[in-house]
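Q: The chain contents come next:
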Amino acid sequence: MVTKPIEGEKRAFMTGNEVVAWAALAAGADIMYGYPITPQNEIMHYWIRLAPKYDKNFLQTEDEISAGFTCVGGVMAGKKAFTATAGPGNILMQESMTMAEMMRIPTVLVVCQRGGPSTATVIYSQQEVTLTCFGGNGEGFRIVYSTSGQQDLFDYTIKAFNTAWKYRFPTFVLGDGYQAKMRESVTIYDPEVRGIKMIEPEPFVGKAGMPALDRDPAHYRNTYNLEEELYEVVTAMAKEFEQIAPELVEYQEFETEDCEVLILAHGVVSRAVRGAVEALRAQGIKAGHFRPITLRPFPAEQLKQTVQKAKKVLVVESAVGQLEKIIKQSTYGVTTPMTNYFRPGEGITVEEVVEEVVEEVKKLV
Amino acid sequence: METIIEPKMPKVWRKETKPHKFCPGCGHPLVLKVLGEAIEELEIQERTVFGCDIGCSLLAWDFFNVDSVQTHHGRTTPVITGIKRANSNLIGIAYMGDGGGYAIGSQHLVNAAARNEKITVILVNNTIYAMTGGQMAPTTLPNQKTETSPYGREIEATGYPTLGPEMVSAITQEGAYIARGTVANLRQLKKFIKNALENQVNGNGFSFVEALSLCPTNWRTNAEETWKFVEDEMTKYFKVGELKTPGKKEEA
Ligand SMILES: Cc1ncc(C[n+]2csc(CCOP(=O)(O)OP(=O)(O)O)c2C)c(N)n1
Ligand code: SF4
Chain A
128 MVTKPIEGEK RAFMTGNEVV AWAALAAGAD IMYGYPITPQ NEIMHYWIRL
178 APKYDKNFLQ TEDEISAGFT CVGGVMAGKK AFTATAGPGN ILMQESMTMA
228 EMMRIPTVLV VCQRGGPSTA TVIYSQQEVT LTCFGGNGEG FRIVYSTSGQ
278 QDLFDYTIKA FNTAWKYRFP TFVLGDGYQA KMRESVTIYD PEVRGIKMIE
328 PEPFVGKAGM PALDRDPAHY RNTYNLEEEL YEVVTAMAKE FEQIAPELVE
378 YQEFETEDCE VLILAHGVVS RAVRGAVEAL RAQGIKAGHF RPITLRPFPA
428 EQLKQTVQKA KKVLVVESAV GQLEKIIKQS TYGVTTPMTN YFRPGEGITV
478 EEVVEEVVEE VKKLV
Chain B
1060 METIIEPKMP KVWRKETKPH KFCPGCGHPL VLKVLGEAIE ELEIQERTVF
1110 GCDIGCSLLA WDFFNVDSVQ THHGRTTPVI TGIKRANSNL IGIAYMGDGG
1160 GYAIGSQHLV NAAARNEKIT VILVNNTIYA MTGGQMAPTT LPNQKTETSP
1210 YGREIEATGY PTLGPEMVSA ITQEGAYIAR GTVANLRQLK KFIKNALENQ
1260 VNGNGFSFVE ALSLCPTNWR TNAEETWKFV EDEMTKYFKV GELKTPGKKE
1310 EA
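If you read the protein sequences in the order shown, they are chains A and B.
When we follow our numbering, the leftmost residue of the first sequence carries the number 128, and every step to the right adds one.
When we follow our numbering, the leftmost residue of the second sequence carries the number 1060, and every step to the right adds one.
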């Protein structure tokens, strides 16, 4: 049996879905529970082809409700379990993810956003931000990484397993159909060569020893008899989530030092915005870009600082303000005027962003 | 001098959580009692993971000295499946009500059975949704009054009660164990549950036991009527016995 799926570092030309499967292998994931939905199917396809070579497991469940709950079970049994989905599947998985949240089960879920509402389209979209960040019933204590391309997908899928097992909150890699299906160059690596130490999983149930004799039995529940009991659990969790947030938040800034127009975008749209910043700078327009990588917890403080420096803010997203909502909440009190460019379920090009900014700049003078 | 006789409780019973939280006269603790004894006699306490559903079964979340997980309504089967798939050495028990197993979670029951998951499902049939206050369940008997069938269950409008073990029996292959017992015959119910667990220990396949049970609270019955209902009324429709045992093919 080959143990290391990737030796050292390698250059590859892959689709995002293939990258995720390799990253999960490199991260030492043990088992995937999955249910087909476009555009994430090939994560499963690659995983199941590679699985027997590395002594890994896979189960195709009857639906996403089951994929989510079997994933929770796999983690409870002490394995690095993960799943992937999109769109209506993401909705069905929220039920299990709220349980993972309350029980602090380190599940990893890769979301390849597709255009919603309803069945809609399968490729371009950032319309699963609200759902992924805040889930369903509950408070949405979870960690969400928004990726912008293949390298991110590899890096953050690996990271997601460590984040999940370290902090014990469900962790999401939020990609999209475009990243999932396009092919581009990427460096894949054994995390060890980059000095990344993978956290060893531990069982929640089925630990060694006789329950009640050698150890307490593990009793996990997600039902509470009294409101006060639940209040205590949730309040403590909220406090902890807030405390760990500074260690977790990630973001990138491009040319924000002296920027007059600040463009905000996340995920794959961030790449168009970066291109636009370069083009605008070449025209003498002082544009800059802030990209939140963790959408939950959100780099609110850092964003606030940068927004205050600009004269104008433009939010660009492939949705009708799902990111904007988070931004507005996070920058409450800041008076910099904010406009938006929304293309729900559509791709956004460099040229469109440039045009939009040029229009906005005209209004400034 | 008065002597107080302490009831002898199996080791798997968690004394700290007794008295339990079920209503007086409830059938759940009877099923749990024989389940506990079966776990003890098979000496699988150390590697058992007990999963319970939402519904009155959730009151069993800390009932035993075994590792447990209480999950969402209808989702106990996939949680236990996930655990078992990740660690085949564990003995996974999914414990649920008829609502959890035959309504909201039926897709999980059907597919786990069809895949021959090596887990044990124990389903308590009290003919109603008890925890939510006595609504109609898939197992509610014809003409039975519930909160959502106040004039009696009309078969024309709502169909016949689900015959769970019969259905599971029809979709499982060799290696499955399927039985229906009743809290009115605890010794037999214990044998069925023990057989079902042993089937998992032997790595044969899916095992499923439905237990006919009591809910005097929602049935609004006194002791006599409660037992009459479970012994006479329920058994007219739900036949007690083993439906499938590994090795032995179904009787034609
Ligand atoms: C998704 C979802 N829908 C509905 C409920 C409300 N609910 C709680 S218990 C229950 C019925 C339980 O009935 P059953 O499974 O037969 O178990 P019993 O209480 O009779 O033991 C329902 C509908 C829920 N908790 N979750
Ligand atoms: S409501 Fe019925 S099933 Fe639930 S604990 Fe009471 S008697 Fe038992």
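Where hints are given, some of them may not hold.
The calculated lysine-lysine pairs, modelled on DSS-like cross-linking and capped at a C-alpha distance of 25 angstroms, are [what the hints assert, rightly or not]:
1) LYS1298(B) - LYS1249(B)
2) LYS452(A) - LYS490(A)
3) LYS334(A) - LYS1204(B)
4) LYS1204(B) - LYS1298(B)
5) LYS334(A) - LYS1253(B)
6) LYS366(A) - LYS286(A)
7) LYS1298(B) - LYS334(A)
8) LYS455(A) - LYS366(A)
9) LYS286(A) - LYS324(A)
Just so you know, the hints here were simulated from the structure itself, not pulled from any lab data.
Q: If a hint holds in the structure, say so; if it does not, say that too.
A: Structure-based check of all given hints:
The straight-line distance between the Cα atoms of LYS1298(B) and LYS1249(B) is roughly 17 angstroms, inside the 25 angstroms bound, and the hint therefore holds. Proximity of LYS452(A) to LYS490(A) is assessed by CA-CA distance (about 24 angstroms); at most 25 angstroms being required, the pair is judged to hold. The straight-line distance between the Cα atoms of LYS334(A) and LYS1204(B) is roughly 46 angstroms, outside the 25 angstroms bound, and the hint therefore fails. For the proposed pair LYS1204(B) and LYS1298(B), the alpha carbon gap of about 21 angstroms is at most 25 angstroms, so the pair holds.
About 23 angstroms separates the Cα atoms of LYS334(A) and LYS1253(B), which keeps this hinted pair within 25 angstroms; it holds. Taken as a hint, the LYS366(A) and LYS286(A) pair is honoured in the structure, with Cα atoms around 23 angstroms apart against an allowance of 25 angstroms. Restraint check for LYS1298(B) and LYS334(A): not satisfied, since their Cα atoms lie roughly 39 angstroms apart, outside the 25 angstroms limit. About 22 angstroms separates the Cα atoms of LYS455(A) and LYS366(A), which keeps this hinted pair within 25 angstroms; it holds.
The hinted pair formed by LYS286(A) and LYS324(A) meets the criterion: a straight-line CA distance of about 10 angstroms does not exceed 25 angstroms.
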